[in-house]
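Trainee: Take these sequences, add in the hints, and give me the full structure.
Number of protein chains: 2
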Amino acid sequence: MQLRVPGPTPCPDEVLQSMTKQMINHRGKEFAELIRRVTDKLKVVFQTKEDVLMLGASGTGGLEAAIVNTLSPGDKVLSVSCGVFGERFANIAEQYGAEVKRIQVEWGKAVDPQQVRDALKADPGISTVLVTHNETSTGITNDLSSISAAVKEFDKLLLVDCISGLGSINLPVDEWNCDVVVAGSQKGWMAPPGITMVSVNQRGWEAVSKAKMPRFYFDFTRAKNFMEKGQTPWTPTITTIYALDVGLSLMEKEGPKNIFARHARIGKITREGVKSLGLSLFADEAFASNTVTAVNVPQGVDGKKLNEVLRDEYGIVIAGGQQTLAGKIFRIGHLGWVTEADIEEVLSALKNALPSVGFRNI
Amino acid sequence: MQLRVPGPTPCPDEVLQSMTKQMINHRGKEFAELIRRVTDKLKVVFQTKEDVLMLGASGTGGLEAAIVNTLSPGDKVLSVSCGVFGERFANIAEQYGAEVKRIQVEWGKAVDPQQVRDALKADPGISTVLVTHNETSTGITNDLSSISAAVKEFDKLLLVDCISGLGSINLPVDEWNCDVVVAGSQKGWMAPPGITMVSVNQRGWEAVSKAKMPRFYFDFTRAKNFMEKGQTPWTPTITTIYALDVGLSLMEKEGPKNIFARHARIGKITREGVKSLGLSLFADEAFASNTVTAVNVPQGVDGKKLNEVLRDEYGIVIAGGQQTLAGKIFRIGHLGWVTEADIEEVLSALKNALPSVGFRNI
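As given, the protein sequences belong to chains A and B, one line each in that order.
When you read off a place in the first sequence, starting at 1, and then add 96, the result is the number in our numbering.
When you read off a place in the second sequence, starting at 1, and then add 96, the result is the number in our numbering.
Some clues are possibly wrong.
Chain copies aren't distinguished; within one or between two, either way the pair holds.
Simulated crosslink set (DSSO-like; lysine-lysine; CA at most 30 angstroms straight-line) [claimed, not checked]:
#: 1; residue 1: Lys139; residue 2: Lys117
#: 2; residue 1: Lys306; residue 2: Lys172
#: 3; residue 1: Lys320; residue 2: Lys401
#: 4; residue 1: Lys117; residue 2: Lys401
#: 5; residue 1: Lys117; residue 2: Lys349
#: 6; residue 1: Lys172; residue 2: Lys308
#: 7; residue 1: Lys400; residue 2: Lys125
#: 8; residue 1: Lys308; residue 2: Lys197
#: 9; residue 1: Lys137; residue 2: Lys353
#: 10; residue 1: Lys447; residue 2: Lys125
#: 11; residue 1: Lys125; residue 2: Lys401
#: 12; residue 1: Lys125; residue 2: Lys424
#: 13; residue 1: Lys424; residue 2: Lys325
#: 14; residue 1: Lys325; residue 2: Lys400
#: 15; residue 1: Lys308; residue 2: Lys217
#: 16; residue 1: Lys320; residue 2: Lys400
#: 17; residue 1: Lys137; residue 2: Lys117
#: 18; residue 1: Lys400; residue 2: Lys306
#: 19; residue 1: Lys306; residue 2: Lys197
Bear in mind the hints are in silico, worked out from the structure with no lab data behind them.
Mentor: In structure tokens form, the structure reads like this:
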């Protein structure tokens, strides 16, 4: 079975094998060495000299952590949303009492940095901007560098969801002045779910020191204090950290630049491939993500049936659309452990499966 | 290396091997079958016909979930605390704005149910009682059946931390009217950390429907709605669920009654054994836990040094004391995958190690 959803992603055999290692004391020196080693390797991929914390949760837990550690109820927040995950980020902030102003970008389009600039100019009361770098639900990668420049013109706090991008596409966290950035172990890192990795810079820590939203499990300050003695505040997802350790070593070997280039190459092959089958891309191609490709379900085709045929007859698992996009698009994940050959196999299966679910290439 | 801390606990080989299984789509039918099977097996051990949810977090995340899903800021809560984890439960409630009244029991002693009754009589404004069934920091198992009877005399909501007990000691959740009970995968279940399992009964759901504390990642209602379609709201810790599935099958084979009897037998062997070495127990023996034994560090002995010698020379990892008990006690975990022979090995190592760290058995 080839798993081609935008996470969880397949794990190489050495990663899977690493999880057969027995449990260790999470208050002992072996764990301290493990967590320090993994953190050092994470910082290379995050391209940051600042703190990177590991919390025992999915990426959504990381988004919640970013919000509750840096904001207070009543804070005015600008949400720049172009899909399901942008909406989720905004909803979490609202749930904890932030006042959220939304820039709603049409799904399938990227955020225009000028809109961010205009919104910040129009309302100086905004303290913080929430941005999704790589929007998994629509297959868009936003121009984070330009968005960040706009946000920093106004000296605002920038919280970034790059769960489905970091480790696969270039995001130089320090260079782009991203104050808090959230990633997830089950995406480009070739590890299973269980750990969300979050970078926090000096500006981020200043926000933490003033933030009044309630928090306990996700508390950054506790996580940092424990990290300094080689621990986590609560019992961590040890096997996922074993796996991350091995996944990161594989990434170190390939080198971040090569990894980003491979994802760019494979993203392009995927997009060219689906177009050559007579299908159309859902996302604006100028901002198409290199980790996930969203494809319009052609008229007359039952999207759910297509996914079933691909799985049952071709052994390929792809994702459908979420929320209002259910039945309207399908999505091919190509992040982490993925090769050109994997995508060729997906394209070939698609080509053979499409006619059996009503597709006529006119 | 023999890991004898009160969690994470060692995993049998078939559990470790289960985690080499490749990732699957957490929105697909294979995952739906997995989560339903695991939930059914969990209900047998919880001894409940009500809901059992799985959340991607450590036990502390489960405690936070229990609080934020059932309470509103300003609610008056009675905390019955006899150790570090009772304090933690109370601190979480306070952090989210509950008004916490504390019964502080001397560490090493059990909670007196009559004290609970008196406190509830004295203050009818209390809506909820927080209880730690098995207090890992001191090695005490509280008389939860009698505490619950006292709480239910006054018709209050009962939230129970049984993270280090459930699966190892008897806790018939329905029979004892426990409204929310929190467990953790890395304890008696022979699986790694990563999942907290939480039961919620009808009375618990009524509280959820009125609770106003902010929540998103830990939201019970979302978890239940997704569980009904064989999913979790967020990407779950899949490998830990694979492991739980196998651990639960092993537990099913042994049978809960036999598991509880084994833990009782091994608890007794541990206590008798340390006493026969001339050591004294920290906890009131009438309420000694069968999953963890706390032992006083004898005068003249360096507790930290003892743990180091046991680890480095005998390959046995035990735990020290927490907070004010650091250096004053050491703790032997005996829960989950543990046999009489394991404990004999620990006792023999202790016997040999003690003289080298200054112990003189007078």
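Trainee: Can you give me the call for Lys137 and Lys117, within, between, both or neither, at a CA distance of at most 30 angstroms?
Mentor: Answer is both: 20 angstroms inside a copy and 25 angstroms across each meet the 30 angstroms cutoff.
Trainee: Have a look at Lys125 and Lys424 and pick one of within, between, both or neither, based on CA distance no larger than 30 angstroms.
Mentor: between (51 angstroms within a copy, 21 angstroms between copies)
Trainee: Between the shortest in-copy and the shortest cross-copy C-alpha distance, which are at most 30 angstroms for Lys447 and Lys125: within, between, both, or neither?
Mentor: between (53 angstroms within a copy, 24 angstroms between copies)
Trainee: As a check of your reading, is Lys117 near Lys349 (CA-CA no more than 30 angstroms) within one copy, between copies, both or neither?
Mentor: For Lys117 and Lys349, both the intra-copy (22 angstroms) and inter-copy (24 angstroms) Cα distances are at most 30 angstroms.
Trainee: For Lys137 and Lys353, with the copy left unspecified, which applies at a CA distance of at most 30 angstroms: within, between, both, or neither?
Mentor: Within one copy, since 15 angstroms is at most 30 angstroms while 46 angstroms is not.
Trainee: Using 30 angstroms as the alpha-carbon threshold, which applies to Lys172 and Lys308: within, between, both, or neither?
Mentor: both (14 angstroms within a copy, 21 angstroms between copies)
Trainee: Could you place Lys320 and Lys401 in one of the four classes (within, between, both, neither) given a Cα distance threshold of 30 angstroms?
Mentor: between (48 angstroms within a copy, 27 angstroms between copies)
Trainee: Between Lys400 and Lys125, at a C-alpha cutoff of 30 angstroms, which is it: within one copy, between copies, both, or neither?
Mentor: So Lys400 and Lys125 pass the 30 angstroms test across copies only (13 angstroms; inside, 50 angstroms).
Trainee: Cα distance capped at 30 angstroms. Does Lys306 pair with Lys197 within a copy, between copies, both, or neither?
Mentor: Answer is both: 21 angstroms inside a copy and 28 angstroms across each meet the 30 angstroms cutoff.
Trainee: Within, between, both or neither: how does the pair Lys325, Lys400 come out at a Cα-Cα threshold of 30 angstroms?
Mentor: Only across copies: Lys325 and Lys400 sit 16 angstroms apart there, 50 angstroms inside one copy, limit 30 angstroms.
Trainee: Classify it for me, Lys308 with Lys217: is the Cα-Cα distance of at most 30 angstroms met within a copy, between copies, both or neither?
Mentor: Within. Shortest intra-copy distance 26 angstroms satisfies the 30 angstroms Cα cut-off; inter-copy 35 angstroms does not.
Trainee: As a check of your reading, is Lys125 near Lys401 (CA-CA no more than 30 angstroms) within one copy, between copies, both or neither?
Mentor: between (52 angstroms within a copy, 14 angstroms between copies)
Hint 18 alone, counting from the list given before, is not met by this structure.
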